[in-house]
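Using the sequences and the hints, build the whole thing.
Residue numbers (the UniProt record's numbering), protein chains in the order written: chain A, 1 to 333; chain B, 1 to 333; chain C, 1 to 333; chain D, 1 to 333.
Since the hints were derived computationally from the structure, they do not count as laboratory data. Be aware that a few hints might be false.
To be verified - Derived CB-CB ranges, DEER-like:
1. Ala-221(B) x Glu-248(A): 39 to 47 Å
2. Arg-162(D) x Asp-21(C): 28 to 36 Å
3. Ala-37(C) x Asp-44(D): 19 to 27 Å
4. Asp-215(C) x Tyr-303(D): 31 to 39 Å
5. Asp-220(D) x Glu-248(A): 40 to 48 Å
6. Asp-21(C) x Asp-322(D): 16 to 24 Å
7. Glu-49(D) x Asp-215(C): 45 to 53 Å
8. Arg-216(D) x Ala-221(B): 20 to 28 Å
Using N, Cα and C, we set each Cβ at its ideal position, and we do this for glycine too.
There are 4 protein chains.
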Amino acid sequence: MRFFSDNAAAVHPRVLAAMADANALDTAYDGDALSKALDGRLSDLFETEVRALWVSTGTAANCLALAAMCPPYGGILCHRDAHIQNDEGGAPEFYTHGAKLLLCDGEGAKLTPDTIRATADAIADDVHRVQPHCLSITNATEYGLVYRPDEVAAIGELARSRGWRFHMDGARFANAVATAGCSPADVTWRAGVEALSFGFVKNGGMSAECLVFFDRALADATLRRRKRAGLLLSKGRYLAAQILAMVEGDLWLDNARAANARAATLASAAGDRLVHPVEANEVFLRATPQEAAALRARGFDFYDWAAGEVRMVTAWDTPEHDVARLADAIDTL
Amino acid sequence: MRFFSDNAAAVHPRVLAAMADANALDTAYDGDALSKALDGRLSDLFETEVRALWVSTGTAANCLALAAMCPPYGGILCHRDAHIQNDEGGAPEFYTHGAKLLLCDGEGAKLTPDTIRATADAIADDVHRVQPHCLSITNATEYGLVYRPDEVAAIGELARSRGWRFHMDGARFANAVATAGCSPADVTWRAGVEALSFGFVKNGGMSAECLVFFDRALADATLRRRKRAGLLLSKGRYLAAQILAMVEGDLWLDNARAANARAATLASAAGDRLVHPVEANEVFLRATPQEAAALRARGFDFYDWAAGEVRMVTAWDTPEHDVARLADAIDTL
Amino acid sequence: MRFFSDNAAAVHPRVLAAMADANALDTAYDGDALSKALDGRLSDLFETEVRALWVSTGTAANCLALAAMCPPYGGILCHRDAHIQNDEGGAPEFYTHGAKLLLCDGEGAKLTPDTIRATADAIADDVHRVQPHCLSITNATEYGLVYRPDEVAAIGELARSRGWRFHMDGARFANAVATAGCSPADVTWRAGVEALSFGFVKNGGMSAECLVFFDRALADATLRRRKRAGLLLSKGRYLAAQILAMVEGDLWLDNARAANARAATLASAAGDRLVHPVEANEVFLRATPQEAAALRARGFDFYDWAAGEVRMVTAWDTPEHDVARLADAIDTL
Amino acid sequence: MRFFSDNAAAVHPRVLAAMADANALDTAYDGDALSKALDGRLSDLFETEVRALWVSTGTAANCLALAAMCPPYGGILCHRDAHIQNDEGGAPEFYTHGAKLLLCDGEGAKLTPDTIRATADAIADDVHRVQPHCLSITNATEYGLVYRPDEVAAIGELARSRGWRFHMDGARFANAVATAGCSPADVTWRAGVEALSFGFVKNGGMSAECLVFFDRALADATLRRRKRAGLLLSKGRYLAAQILAMVEGDLWLDNARAANARAATLASAAGDRLVHPVEANEVFLRATPQEAAALRARGFDFYDWAAGEVRMVTAWDTPEHDVARLADAIDTL
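Have a look at this one:
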């Protein structure tokens, strides 16, 4: 029973069906009807004119956004536990040609204006120090916390006042929106976000994330960077099809709600063991090595996070009976 | 009737089926059973131990190979009409951190030891000039010519004697092997090739090319570069599935033969109009603007290449009756 | 007797004296009085407000300018024999993070609007091709030809109409201005040039070139790039002192005139042997290997350029009697 | 009275004289007799065969070394207060094409095997995390502490056991050796160091640092990188002359001893105010803003370091009477 991550979950049948349907089309790169529909469809979803590009991975989406927002000699403010800092194999440095990540603190990998200022204000404004040029937050965070619109807006206001660009890594954006119960617009561009890595792969897609530019001027150079990075698939229609299927009928929200509900079940069972509040689909709980071993012995697969902590992740397709069994197992530890 | 390119052809049903089958698996990145099977399956095909990595695009495959073979301060010998020089939006420079393409001549975009030496020997061996570090050829070439094993071996011998690495861009490798009638080994590692971008997308795949390292030592750093470029899909199993399906039962060769046969039909019709011999699935022929317009008026879609030349490309799925009609139309120009 | 190059000529005594005087100062980087005087002094010379930065080498000056003018995914139009293409060891690609040099033709390494258009117009405006973003000319050219103000202005107008940035490599700018007899302003910003690598090292300096931005907005990021490239010397005052000494009393022009006059003497002797008109301080002449050997046997040192051609370069300090002897020797070949 | 830094101290008269003497030479780049003498002269000093390259700045020396030691996708272990992390404007990332600095702790900016292991061992060995490839220490450290040979050797042994390359930033190497009283060999290659940025500029030079490779195999590619970075001065002889003059008669050690002695005088006066032991030529002491202002009012110039701390630096040429006055002023605060 797999609670290791949501990153290898099955592809939703409606996504698979949409890909099969795309086989009939025959225009290359992003010249097909599906790719061309992305701008409009995402503009509807976000209630404003956006540019929307398919990209094969979340890492690529994040790093294309950062490259559009930060010059090679600049710095990117982010949490010290951010995915871009720890889990992308140096991709931000590759795409930006060596920009420097400037690390900030914050409970549960969540930044606040205060923690951002603490890092930024310690950097002397001279030519010897790399200066901040942009800011990236992750919603939901690496620890499954959710930024609400007002929290994002406070950070957005700081960014605006300092002249920093503002990016949101939304690998689990769907889970965050499902929890916040807000409109996608409220927690992004209305709060100052200029580019969003809108994740679908963890949530029922196969190989398509959507890079959404609220500042549409950033898109043109990004189209060139996407090609230059070897990310412009000749049969892009199969990526566009995935995104459109996920957006259609709010499948993205339905799937996220399903994953979140499963995590909530585990959270209830975990009670005092919880390391962080469970706001999305990740559950971090305290467990001794013996307890972790006992759970594994019963067939549950999950991640050892830090000493005495484990991480369990649910997905849209996590079987409910697996969840029930794991909740029960946690309860009876 | 589309003869524009093979780059947007339909995905073969057996490939689609294999992808659907992969939905049951659930291990991320390249840890799944299908991804793990690539080394073995490609080793069988090439009759030697290889390392085989899935990559989403041919550009990425080429550029990962080049980055493994050339330091940032080095040079890459290639034909001046090579895809890496003209059609990858600067990706080779991105992946290699600014290596320089050193351009060689050759009829039909085909290099020979003589044309390579002409370029290389004109470069003074001092610190002011970028020195050649590797060599890349394309088989079949941009003009649809096919390198035979002895031709590759002659170039490989030159590369070996100069200490240059040797890469083959095989976006249409299947078409080349189908024509040459040789074993894949003969035209690659037995002829000195150390890395091959083995193309499947133009030939019935959806989004998976295979980067094959005959010099297996090059693979480890490439795994890191693939991640760093945002190319490590979390659901890599769907890429591996495509490659395995294409290799299974020699589907790759069957598809290439089908495409080549269609091109041969057009070549016969074109006769004296041919700009290059037709050895793979590309047909370059002389046509006045009026003639090109006449063909388009009859529903044929193709590419204006140079002044007075057009390019027609066939694919595994080009309908035979479309081919027959186009052959007829050319014949009666 | 050295006619190999002007790149190792002695440092002018007034430059050495100015450096010794700078020893009394003690502010680091470019915070000293001499460094701060550059903007003003060069603004006077060019009759407009400029930003002027000291840089240790011409390669660095060129490449900092190009990095300010061309994004990593862009292209730089230049002559195929340009120094940035052939003699800087890949520095343009390093500084620009992999921009591509787009090569143009032109007699004597001199570009014209026509030769530039021939290259630029052959580049399809799509995402697969690297697009021109800037243009770089060398004055005097690699073959010692001089662009006059109207020639530069014609190119500048083309650049402006296409939205390209415009850089001038002036490693031998002094020699060019001395010949053209124009004001420095006329052949630079009044003709559309936005950045000039103003060379002093070949002309009596030791280790200081001046990067002059007529578009002053380009300077701020360049200050950061200069630091990031390890080019911000802590004792920059010794570089500023060199430039100020060269500008003072038009030493730069006097030195260039001296060098040019010596080349003119050689040119007269060479007569029909000349490969290019001698407009600056470089003399290219036809000489058989036997003739070249004969000259060397008489103690003259020079460069074998192409088959049957040699290059002789004069400098501000080339002894006149050496020039006379060489002229005589050429005359009597 | 300047105690701001040693980075703008005067050039020693013997260095200036050596530069003037170099004016007679005339071979370009590093082909002159002085540049060619570096390998031998530094080999003598270090009692082993080395390759020694002049470089204009310490930043460039450090970053060329790091580029030789770390691939673009790799990581560089260093102290979180290291110059390469904080004061080089992103140059390490530029030269290495985006390698990541992996930050370690340590009192007084001094690393130990334990603090290095703490950082390194927390990095999971998978493709998502940037892996350590090299290690850089600074001797003397940013806080003026000195590594003794056995301390370096312990770190060198760790590096060797892990397969990491080992670099020493010796911007104040002279001050460290003067204090340690060891041979230069003992604290470098005999302790495992493979490359040393040997600083001369803070210690009486003008614009020449020496990059010393104990692993000589690293030098060849570095010659190309030096050119590619625009750091290959055409009149390199003036840089070589500086280094040779500094090494001649142990001027480097004499100057460092002079600077260290001045710092010791200040340290004695500072007593309990000292933040770190004074082992080289930097004095960090506690002073309230009022106290700092009082000192400045008396004509002393120095750096506000952290809250309640100031930094005072002595150089080879700091006038002894200024030192005496400052010592007195500190004493009577």
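Structure-based check of all given hints:
1. Ala-221(B) x Glu-248(A): 39 to 47 Å: 41 Å Cβ-Cβ, so the 39 to 47 Å window holds.
2. Arg-162(D) x Asp-21(C): 28 to 36 Å: violated (51 Å)
3. Ala-37(C) x Asp-44(D): 19 to 27 Å: violated (42 Å)
4. Asp-215(C) x Tyr-303(D): 31 to 39 Å: Taking Cβ atoms as reference, Asp-215(C) and Tyr-303(D) lie about 35 Å apart, which means the hint holds.
5. Asp-220(D) x Glu-248(A): 40 to 48 Å: violated (58 Å)
6. Asp-21(C) x Asp-322(D): 16 to 24 Å: holds (22 Å)
7. Glu-49(D) x Asp-215(C): 45 to 53 Å: holds (50 Å)
8. Arg-216(D) x Ala-221(B): 20 to 28 Å: Given about 24 Å between the Cβ atoms, the range holds.
Checked against the numbered hints given earlier, the structure breaks hints 2, 3 and 5 and satisfies all the rest.
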